[in-house]
Amino acid sequence: MSITYLEAIREAQARALADDPRVFIYGQDVGAFGGAFKATKNLAKEFPGRVLDAPISEDAMVGAAVGAAIEGMRPIVEMQFADFSTPGLNQILNQAATLFWRTQVPCPITIRLPSGGTSGGGPFHSQSMEAVYAHYPGLIVMTPATAEDAYSMLLEAVAIDDPVIFCEHKHLYYHCKAERLPTEAMPVGKARIARAGRDLTIVAYSAMVQDSLAAADELAGEGQQIEVVDLRSIKPLDTDTVVASVARTGRLLCVGEAWPWGGVTAEVIARVATEGFGLLDAPPQRLNSKDTPIPYHPNLWTVHRPTVRSIAAAARNLLRM
Amino acid sequence: MLQTLESQEALEAALSFRERFLRGFRFMVLARLLDDKMASLYRGGKIHGGVFLGRGQEALSVSLGLSLQKDDIFAPLIRDGAGRLAFGEPVLDAVRTYLGSVLGPMRGRDGNVHRGRPRRGLLPMISHLGAMISVVNGMLMARRFKKISGDVGAVCIGDGGTSTGAFHEALNQAAVEKLPLVLVVANNQFAYSTPNSRQFACEALVDKALGYGVTGHQLDGTSLEACLTTLPKAISDARAGRGPQLVVAELLRLCGHGEHDDAHYVGAGLKASPVGRDCLQVAEEHLWRKGWADSQTTKRFRQEAAQLVEETVAKVQREPAPDPFQQNWCALASRHLSERFETYPPVNPL
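As you go down the protein sequences, you meet chains A and B in turn. Taking our numbering, the leading residue of the first sequence gets 1, the next gets one more, and so forth. Taking our numbering, the leading residue of the second sequence gets 322, the next gets one more, and so forth.
Incorrect hints may have been included.
Stated by the list, open to error - Result set (DSS-like, lysine-lysine): computed pairs, CA atoms no more than 30 Å apart in a straight line:
(1) B:K499 <-> A:K45
(2) B:K358 <-> B:K620
(3) B:K554 <-> B:K499
(4) B:K499 <-> A:K41
Claimed, not checked - Taking beta-carbon pairs under 7 Å as the criterion, some of the chain B residues facing chain A (in silico):
(5) L450
(6) E490
(7) P645
(8) N649
If you are wondering where the hints come from, they were derived from the structure by calculation, not from laboratory data. In this text, a Cβ means the ideal position worked out from N, Cα and C, and glycines have one as well.
Okay, chain A solo, but in the shape it has when bound (with noise of 0.2 Å):
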């Protein structure tokens, strides 16, 4: 038996709701309907009252989290794709990011952002907003690559006294699988070894640990042995981690599916850079989508973002350098 990452997410859920009755769900279908992905079947029936169809107001709907919230509550707010949380983005970042700051009073709410790329979601229900999240003060943000930390760090997410934006990935809801759903989990805020190699560190998270993943057993076929770091949240970023990773490599591919300026790879980078340079054996390389909205056709698409290929090529590129 297997479960996906979006069972493991619809089971978090399940779970949370069941242990504590602060805990409620709020989104546009997330009700009778269960949500656009299904991440909310069946739980308006298993528990009745506490999973509300919102209207599409995205804004009301973070406002009216962060009023729970302030009240006791732990709201999980669906977003119906990463995309829409941009109206919203008020509410998220000058509410609820800056409420315990100003106040004291803790604002532990949980947005979830069905985020990243599938075939044919074209410019607005393709997009990563993890950077932009990431940016302001007063927010937690995960990226979970597995099915096991998408359903612990979920959980994790609701129990912390913080808003946490969580970004499950698309193409792994039904790609990804565990075996079972897991017992113990690391820590938020700690980086996993993926895979331990000698040779390079690619750092990665969300969808691309995956990617970078099968281009490290690519490039073990040519007798290179690829490091792959999982950032698994990317506020707080693992640093030492990563650092470490690259003290044992001396080389370091940051790969993200969002775009690159300002972003996650580029922080990473910063602070290799400015904490690890002396650990360098050659410049520190990134890999991104790129600078354009992004494409609905397949064969742009597949250009458009990272992927197994295009990563075992800059990491030929970096080996030889």
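Mind docking chain B on chain A? Use the hints.
Frame of chain A, contents of chain B only:
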């Protein structure tokens, strides 16, 4: 006059109205004098940032604050000093926040009108207009989850705020959820310098109530008598489960947007019109006319309020400012998840 009243209940109601009117008037006086003092401190360079006055809106604001109960929720806007005081916010909280005292509710991290105590139902507004409405909705939804009934949430906004998407989303949300929300719109004719004619095209803002499926109330915001009649009605209707109430008061902002703004764009005709009346003066004349207080009494109210303001300012001016070296520079409640971004080389910001 009292003999003409039909019953003992009506007599008690009249007495109660007189007492509420007097209480409301005293809070209005206190708010006006507190505003004047803050403006004076601003002009003297003692307040950083801005000062935003409630002049001309005290009758509306105080009537809301006075009509709410202890466990209700109140999200005031920038001109609701009178309502805050009536709801229970101490003068000390206002002065400490304006002067940035480390002992204030915001401890120097936020200032002026951005103050509150969320756990006591008084929300600290963010600057983005309309954003507080859905927060109050969420608090009311939470109370419903917790099986707490009978509480009301009140939010204040201006004519300009009704143009925001947040206003639309949140009022619709409150209507869908049938929440006990009272949304009070102070139509003070200008959003900063933008007049109503460039803000909305409907004949009256209260007409919007119909579109949202909520009850609308319209009133003369310069009349404390009218405000103390309409606000309690709207609040009791919300409390009784009749859904959101949209209250629109017509009045004029008798000052600039902030103390940096001389409001030169407000025409003389508008100032001389009924909405241009000073609600404080109108209320005082009402007191005299009804015989509920004479000029000596209202003078004494002013003296007592002025003394409270002066003493509070003197106290706060002796309090410590925030110390950047003692500051906990952590934006998270989960301190263990906070990242450290060091500044190299370390510098003394003072």
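Do the hints match the structure? See the list:
1. For the given pair, B:K499 sits about 22 Å from A:K45 by alpha-carbon distance, which is consistent with the 30 Å threshold.
2. Using a Cα cut-off of 30 Å, the hinted pair B:K358 and B:K620 holds, with the two alpha carbons roughly 18 Å apart.
3. Using a Cα cut-off of 30 Å, the hinted pair B:K554 and B:K499 holds, with the two alpha carbons roughly 17 Å apart.
4. At most 30 Å may separate the alpha-carbon atoms for a hinted pair to count; B:K499 and A:K41 meet this at roughly 26 Å.
5. Residue-level restraint check for B:L450 is violated (minimum Cβ-Cβ distance to chain A is 10 Å; threshold 7 Å).
6. For B:E490, the shortest C-beta to C-beta distance to chain A is roughly 4 Å, which falls under 7 Å, so the interface hint holds.
7. Nearest Cβ of chain A to the Cβ of B:P645: about 15 Å, over the 7 Å cut. The hint is violated.
8. The interface hint given for B:N649 is violated, since its Cβ lies 10 Å from the closest Cβ of chain A, which is over the 7 Å cut-off.
Checked against the numbered hints given earlier, this structure breaks hints 5, 7 and 8; the rest are met.
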